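S.K.: Chain by chain, the residues run as shown.
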Amino acid sequence: MNKRSRWALPYFIFLVLFVALPLLLIVIYSFTDGAGHFSFANLTKFFSDGNSLSTFAVSIEVAIENTLLCILIGYPAAYILADKKLNPSAVTVVLFILPMWINALMRTLATAELFNMAGIPLGKGTLLFGMCYDYLPFMIYPIYNVLNKMDKSYAEAAQDLGATPGEVFRKVTLPLSLPGVWSGVMMVFMPTVSTFAISEFLTNNKIKLFGTIIQENINNSMWNYGAALSLIMLVIIGITTLFQGGKSEGEASGGVLI
Amino acid sequence: MKITTIAARAYIALVLILLYAPIVFIAVFSFTEAKSLGNWTGFSFTLYRNLFTGSLQNSSGLISAVNNTLLIALAAALISTVLGTLAAVGIHNLRGRKRQTMTFLNNIPLINPDIITGVSLFLLFVFLHISQGYFTVILAHVTFCTPYVVLSVLPKLSQINPDIYAAALDLGATPGQAMRKILIPMLRPNMISGFILAFTMSLDDFAVTFFTRGTIGLDTLSTYIYTDARKGGLTPELKPLMTIIFLLVLVVLLVINIRQSRQTEKIQK
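Note that the protein sequences, when read in sequence, are chains U and D.
Following the working numbering, the numbering of the first sequence begins with 597 at its first residue and continues without gaps.
Following the working numbering, the numbering of the second sequence begins with 5 at its first residue and continues without gaps.
Rather than coming from a laboratory, the hints here were simulated on the basis of the structure.
Since the model is a prediction, treat every value here as computed from it, not as a measurement.
Using N, Cα and C, we set each Cβ at its ideal position, and we do this for glycine too.
Any given hint could be a false lead.
[Said to hold, decoys possible] The list that follows gives simulated cross-link-like pairs (lysine to aspartate or glutamate, EDC-like), each with its CA atoms no further than 20 Å apart:
| hint | chain 1 | residue 1 | chain 2 | residue 2 |
| --- | --- | --- | --- | --- |
| 1 | U | 804 | U | 629 |
| 2 | U | 802 | U | 679 |
| 3 | D | 6 | U | 679 |
| 4 | D | 235 | U | 812 |
| 5 | U | 681 | U | 629 |
| 6 | U | 804 | U | 747 |
| 7 | D | 235 | U | 709 |
| 8 | U | 680 | U | 709 |
| 9 | U | 599 | D | 269 |
| 10 | U | 745 | U | 679 |
| 11 | U | 745 | D | 37 |
| 12 | U | 767 | U | 679 |
| 13 | U | 641 | U | 661 |
| 14 | U | 641 | U | 629 |
| 15 | U | 720 | U | 763 |
| 16 | U | 680 | D | 269 |
| 17 | U | 680 | U | 629 |
| 18 | D | 39 | U | 709 |
| 19 | U | 599 | D | 167 |
| 20 | U | 745 | U | 629 |
| 21 | U | 720 | U | 679 |
| 22 | U | 767 | U | 756 |
| 23 | U | 681 | D | 269 |
| 24 | U | 804 | U | 679 |
[Said to hold, decoys possible] Far from chain D by the CB rule (all over 12 Å, computed), these chain U residues:
| hint | residue |
| --- | --- |
| 25 | 599 |
| 26 | 605 |
| 27 | 650 |
| 28 | 770 |
Next comes chain D alone, as it looks inside the complex (with noise of 0.2 Å):
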C-alpha cells in the first residue's frame, strides 16, 4: 500500500514537472536581458522596468496588445453574461423539440474546433460586406462564450423554486421588478463563474480572433505574439509579462480554492 502511495504521487509529481517545464523555462528567463529565450545573460530586472515604464525597445504594439485582449475579453464577457442569463432562463421555460433546438445550437460552438467557427464567422462578415474590426472581433467572441455562460445558469435554474417569482408577480411585483429582486439574486453566482469562464476562453483564444480581426492592424495578445513569432525573435518583455500573468492567476486560484475547501470542511463538521 505504501508504495502504491509513493509510486502514485511520484507519477503525479513528473506529469506536473513536465507540464510546468515551459513556464518555469520564461519565468526564470524573464530575469535577463537577452531578446531570445534561453539565452542568459546575467540577472537582471531591465525587461521588467522596460514592461512597466512603456519603453520597450521595438515594438509599442504589445502594451495595445495588451489593453485590446482585456478589453475585449471584458466586452465579450459582459455580453455573454447578459444574453446567456436570458437565454437560460428561456430555455428552463421550454419544453419538447424547441427546447432540443435550442441546446442542439447552443452545443455547436463548444463542439466546433475555433478555427472552424473563425472561418465560418470569416465567411459571414464577407458574404454581409461587414467590415471587420474591433466589434466583429467582439461579436465572433460572445459566439463561442456564450454557451458557457447558458450552461453555467441552466443548472442552478432547475433548483430554483418557481412558485417564489410567482409569490412576487402576486404581491404585485412587475416582471422587472421580480427579475431584479429574486432571480438575479438567486443566480448571481452562477453568473458570474459564467463570466469568468467567458472571460477566460476570450483571453485565450487566438484562432476566432485570427480569422474576424479584418486588416486594420488589431492586435490582441496571441495574435501579437504569432505575428511576432513568425517574424522571428519574440518581444523579449513578453517573458517578464506572462510570468506575471502566470503569478496573478497563480494567487487568485489558490486563494479561491483554500477557501473553498475551508468551507466545504466547515459544512462538514
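Just chain U, same shape as in the assembly (with noise of 0.2 Å):
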C-alpha cells in the first residue's frame, strides 16, 4: 500500500519544476533590475505609470461586467436546462459546450466581423458580447452542474410548507446553486482580466486588456517589468481563491468534456 503511494514522487519533482518554480521565478524577476540586482523598481513603476494603471482599472472593469453578464444570460440557461420538466434532453446541454472545440480566436474573429456587417462600431460594447461568447460555456456549465446534482427534494420541503415559488427560488435553489456560481466567477473572472489578443480583435486595438501589456512587455524582453505586471495578477488570483476556498473548480472544469 504504501510503496504505492511513490507512484506521485515523478510527477511531484515535475510540479516543483515547472509549477512551482516557474512561479518563484516571477517573484524573482519583479524584484531584480536587469542586471540581477534586487530592486523595487518594477513595482514603483508600475503604480506611478499612469497607462499601467488605467488599464488595469479598465481590465477590471471589464472583468466584472463581463462576469455579471455571463451570470445574468447563463444563470436562466442553466436554470432551464437543469429541469427535466422544461428541458427533456441531455443533448441541449452538449449543444453549449461544443462551441468551445471551434479555435476561439477564429471564433472571435467572426464576431467581430459580424459587427462590422451589423454596422456595429468596435469598441466597449462589442468587447463585452464577444467576451460573453467566448466564455459563457464557462458560466453555464459549473451552474448546470450543481442545479443537477442538487437533491430536489428540498424544493418540494419548501413548496410543502407553504414557500411561494419565487420563495423557494430565493431561499432554497438560490443558496444552493452559489458554489456553482462562484466556479463559474473564477473560470470567467481571471481569465477575462488576462486576455490578449481577443481583446484586441473585438476592439481594433482600441482597448488594451492587462494580458495584452504583459504580453507586450515579454515580448520587447521588458522580462522583469512584465514579470511584476503577472506578479499583480498572482497577487489577485490568491485572493479570489481563498475568498472560494476549495476544490470546487478543479471538478468543474474537470467536468467539461461531456
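Using the hints, build the complex out of the two chains.
M.R.: The following block contains the structure:
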C-alpha cells in the first residue's frame, strides 16, 4: 500500500520544476532589475505609470461587467437546462459546450466581422458581447452541474411548507447553487482580465486589457516589468481563491468535456 | 405552466442562436471564393478544393500549423495520461499533509490563467537557457494538461476495492503485472476521458504556446491565426478548415451522447 504512494514522486518533481519554480521565478524577476540586483523599481514603475494603472482599472471593470453579464444570461439558461420538465433532452447541454471546440481566436474574428457587417462600431460594447460569447459556456456548465446534482426534495419540502415559487428559489435553490456560480466566476473573471488577442480583435486595438500589456512587455524583452505585472495578477488570483476556498473549480473544469 | 415552458425553450433557443452565429457565419462564407469574411462572391467549392489539394493561395504554413497542432496535442495528451495516472495512484495512497500538498500543486495550473502559465514557463526556459521549440511547447502543454488527467482518474480509484490488487500480489503477480492486468483495465475509461480532455485543452491553447514556442517559427493553428489576423487578412482556407472541424466534433459528440443516454435508459428499464 505505502509503496504505491511513491508513484506520485515523478509528478511531484515535475510540479516543483514546472509549476512551483516558474512561479517563484515570476516573484524573483519582479524584484530584480535587468542586471539581477534586488529592486522595487518594477513595482514602483507600475504604481506610478498612469497607462498601466488605467489599463489595469479598465481590465478589472471589463472583467466584472463580463462576469455579471455571463451570470445574468447564463444562470437562467443553466436553470432551464437542469429542469427535466423544461428540458427533457441531455443533448441540449452538449450544444452549449460544443462551440468551445472551435478555435477561440477564429470565433472571435468572426464575431468582430459580424459586428462590422451589422454596422456596429468596435469598442467597449462589442468587447463585452464578444467576451460574453467566449466565456458563457464556462459560466453555464458549473451552475448547471450543481443544479443538476441538487437534491430536489429540498425545494419540494419548502413548497410543502407553504413557500411561494419565488421564495423557494430565493431561499433554497439560489443559495444551494452558489458554489456553481463561484466556480463560474473563477473560470470567467481571471481569464477575462488576462486575455490578450481576443480583446485586440474585438476592439480593433482600441481597448487594451491587462494581458496585452504583459504580452507586450515580455515580447519586448522587458522581462522584469512583465514579471511584476504577472505578479500583480497572481496576487489577485490568490485573493479570489481564498474567497472561494476549495476544490470545486477543479471538479467543475474537469467535467467540461461531455 | 405551458407559457413558462414555451418561454424557457425560446430563451434557450435565443442564447444558442447567439452562440452559434459566428460559427454559422464562418461555415456559410466557406462556400465562396472571397478572401475576407463577410464578402460573398457566389457559391463555390474552391476553398475546400484548395485545402484538400494543398494548393493554398499564399501560405503553405497552414498545413504545417495543423500538423503541429495535432502532433503537439497527441504528444502532450499521451505524456499527461501516463504521468497523471501514475500520479493519481500515488496521490490516492498518500495521507495528510503530503496529500494536501500534491492536490494544492495539482490545482495551481487549473486556477492560473493561461498567460501566467505561459509567462512563468517562459521565464523558466530563459533562466535555464533552454532553447525553445517543439520540446518546450510539449512540456508546457503537459504542465496544464496533466491536472485534468489526475482529476479524471482520482475519483475512480476510491471506488476500486484495494483487495483485488492485493489478491493479485498474493497470487504471485509482480507489481508491474498487477498494474497491467488489474489496475489499468479498471481505470481505462477514466484514463481515456482524461486523455480526450488533455487533447482538447492542448488543441485549443493559444497563450501558453505563444510564450513557449521560441523564435524558430513554430506555429500551431492558434498562433497561425493570430499572426495571420495581425498581418490583416486571414488565409481564406481557414474557413473550410474550421467548418470541417466543427462538423467532425458535432458528429462525434452527438454520437457519444445519444449512445450514453440510450445506455442509461436501458439501465433504468
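S.K.: Which of the numbered hints above does this structure break?
M.R.: 1, 2, 5, 6, 8, 9, 11, 13, 15, 17, 20, 21, 24, 25 and 26
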